[in-house]
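Chains as they are written, first to last, in the numbering used here: chain A, 294 to 779; chain B, 556 to 651.
No lab work stands behind these hints, which were simulated from the structure alone.
Values in this document were obtained by computation on a predicted structure and should not be read as measured data.
A hint or two may mislead.
Below, a list of computed lysine-lysine pairs in the DSSO-like style, where the Cα atoms sit at most 30 Å apart [as the list claims (entries may be wrong)]:
hint : chain 1 : residue 1 : chain 2 : residue 2
1    : A       : Lys627    : B       : Lys629
2    : A       : Lys683    : A       : Lys558
3    : A       : Lys630    : B       : Lys629
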Amino acid sequence: MEFHDLTIREASEKLREKEISPVELTKAVLDRIDGVDGKLNSYITVLRENATSRAKQAEKEIMSGNYLGPLHGVPLGLKDIFVMKGAPTTSGSLMLRNFISPYNATVTQKLVDAGSVIVGKNNMDEFAMGSSNETSYFGPVLNPWDLERVPGGSSGGSAAATAAGLCLGSLGTDTGGSIRQPGALCGVVGMKPTYGRVSRYGMIAFASSLDQAGPLTRTVEDAAIILNTISGFDENDSTSVKMDVPDFTKNLDRDISGMKIGVPKEYFIEGMDSEVEETVKAALEVIKSCGAELVEISLPHTQYAILAYYIIAPSEASSNLARYDGVRYGYRAKDSKNIHDLYFKSRSEGFGEEVKRRIMLGTYALSSGYYDAFYLKAQRVRTLVREDFKNAFEKVDAIITPTAPEVAFKLHEKVDDPVRMYLSDILTIPCNIAGIPGISIPCGFSSGGLPIGLQVLGKSFDEETILNVANIYEKNSDYTRKELTL
Amino acid sequence: MKITKEDVIQTADLARLEINEEELERFSEQLGHILEYIEGLNELDTTDIEPTSHVLDLSTLLREDVVKQIITSKEALRNAPESEDDFFVVPKVIEE
Numbered sequence: 294m295e296f297h298d299l300t301i302r303e304a305s306e307k308l309r310e311k312e313i314s315p316v317e318l319t320k321a322v323l324d325r326i327d328g329v330d331g332k333l334n335s336y337i338t339v340l341r342e343n344a345t346s347r348a349k350q351a352e353k354e355i356m357s358g359n360y361l362g363p364l365h366g367v368p369l370g371l372k373d374i375f376v377m378k379g380a381p382t383t384s385g386s387l388m389l390r391n392f393i394s395p396y397n398a399t400v401t402q403k404l405v406d407a408g409s410v411i412v413g414k415n416n417m418d419e420f421a422m423g424s425s426n427e428t429s430y431f432g433p434v435l436n437p438w439d440l441e442r443v444p445g446g447s448s449g450g451s452a453a454a455t456a457a458g459l460c461l462g463s464l465g466t467d468t469g470g471s472i473r474q475p476g477a478l479c480g481v482v483g484m485k486p487t488y489g490r491v492s493r494y495g496m497i498a499f500a501s502s503l504d505q506a507g508p509l510t511r512t513v514e515d516a517a518i519i520l521n522t523i524s525g526f527d528e529n530d531s532t533s534v535k536m537d538v539p540d541f542t543k544n545l546d547r548d549i550s551g552m553k554i555g556v557p558k559e560y561f562i563e564g565m566d567s568e569v570e571e572t573v574k575a576a577l578e579v580i581k582s583c584g585a586e587l588v589e590i591s592l593p594h595t596q597y598a599i600l601a602y603y604i605i606a607p608s609e610a611s612s613n614l615a616r617y618d619g620v621r622y623g624y625r626a627k628d629s630k631n632i633h634d635l636y637f638k639s640r641s642e643g644f645g646e647e648v649k650r651r652i653m654l655g656t657y658a659l660s661s662g663y664y665d666a667f668y669l670k671a672q673r674v675r676t677l678v679r680e681d682f683k684n685a686f687e688k689v690d691a692i693i694t695p696t697a698p699e700v701a702f703k704l705h706e707k708v709d710d711p712v713r714m715y716l717s718d719i720l721t722i723p724c725n726i727a728g729i730p731g732i733s734i735p736c737g738f739s740s741g742g743l744p745i746g747l748q749v750l751g752k753s754f755d756e757e758t759i760l761n762v763a764n765i766y767e768k769n770s771d772y773t774r775k776e777l778t779l
Numbered sequence: 556m557k558i559t560k561e562d563v564i565q566t567a568d569l570a571r572l573e574i575n576e577e578e579l580e581r582f583s584e585q586l587g588h589i590l591e592y593i594e595g596l597n598e599l600d601t602t603d604i605e606p607t608s609h610v611l612d613l614s615t616l617l618r619e620d621v622v623k624q625i626i627t628s629k630e631a632l633r634n635a636p637e638s639e640d641d642f643f644v645v646p647k648v649i650e651e
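Using the sequences and the hints, build the whole thing.
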């Protein structure tokens, strides 16, 4: 096995036992990036020197007996939405092409404090707005399983890099499925924690009431390891929750006998890829054979969640992105006649098409005369979606659904049809609307050799149960794994 | 829901975005299509439903009023497209 194929758990055991050095491991990952990222485009910035010096530091610490824990010396990627002191943070946009952050995001700081080695900033849809990674100013990311297909989005760079060994895991963000959907399409684990579990400080804002950071990894256990490091209250984010953080690795192997798993009929939608449906249903049988009880449930407002989302998310985005005015940082258009001209030109030249479309949509929904009909209506529907889950979780411990209605689609296939593109997230959005945690894990391959993911949803702040179910499935799954060749 | 070209022009103005003829055509059509889709929400009667603005029961968090040096003005100005001394530079704001 190559070094870059190690899971975080495997690597950290070897690092702790001094069987491999962080310098060797980091070099192997950087070499892998040099070797294949020309095909994938999964990084916007590779932090070669910084990573090498951090790896040397980790080596010195470990050799002198100062082992910091399971991320010490582990090479990770970071979606280019998290600011990192002294490094470029672009959010996939021309608007921030030259932005060098003067501070660390809280999660960046936590990964640094845990001794990890951040090898680079992962490519993403511009300002996290997209489901295919095609809206990035820095070009699309390609799916490592089929270079003619998209990796999903918006954390497509993080997912592709994790799948192909260009990092051992990465941190992404999920506003409507942006961790879980690319996780499913690239065949890796992707987790969105409960809203409020992880600090959003230093994470470039898209839709503040929905955004949440989380890990993309190759195993459920690795996701739990990263979640242990990034979770917790932060005085710099008033929406992070003051609550004890459990050790998420502790109950991964707990017996799931007698556990009730809800299977919502509304998630097996018309027009869904039949291979996805069959594969997820086969996975449900595996979970049943592990002792869990499957219960058919109904989440009646599922189809409305995506409609509410396409009002709430663009509205919040139009407000959040008002800060890009060409004055304090970011892109500034040349030769503006006056300040008014400067705002208009800088924003029009600095933002890409999808970002403009969403700003327009949000501005329209919030504009005078439309607020009640759109925004307030969407917030009322948000209540209904939350109540659906609340009622369901009185009967079941976790819910299992497909993550995405289809496997990775071809590049350019949906780029000109926004509504079709938006439907890619139809099964992941309700989780964000309700603020609950969700995890996508690989559960098989299509006949064309493309990964399929299933999603486990849980109660607010009960990440432990979904990690437990996901891990038990991962350990007992019997589908034939395919070898990734690049 | 029909969105008129005038609506699109006005919205772009509010959003401080310049759009050309071709974008006006495209955005009018696409936004109309998206809004038509979103209108599906009207199938639901939500008269007696409380809106959710946020999933957490947030209370205002207070902290000690202590001055902390986060970044210096020099650092803050480093990303400015144009600056002079301790200031951001912009084109003239007041018309003559």
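Review point. Which of the listed hints are not met by the structure?
Key: No numbers; nothing is violated.
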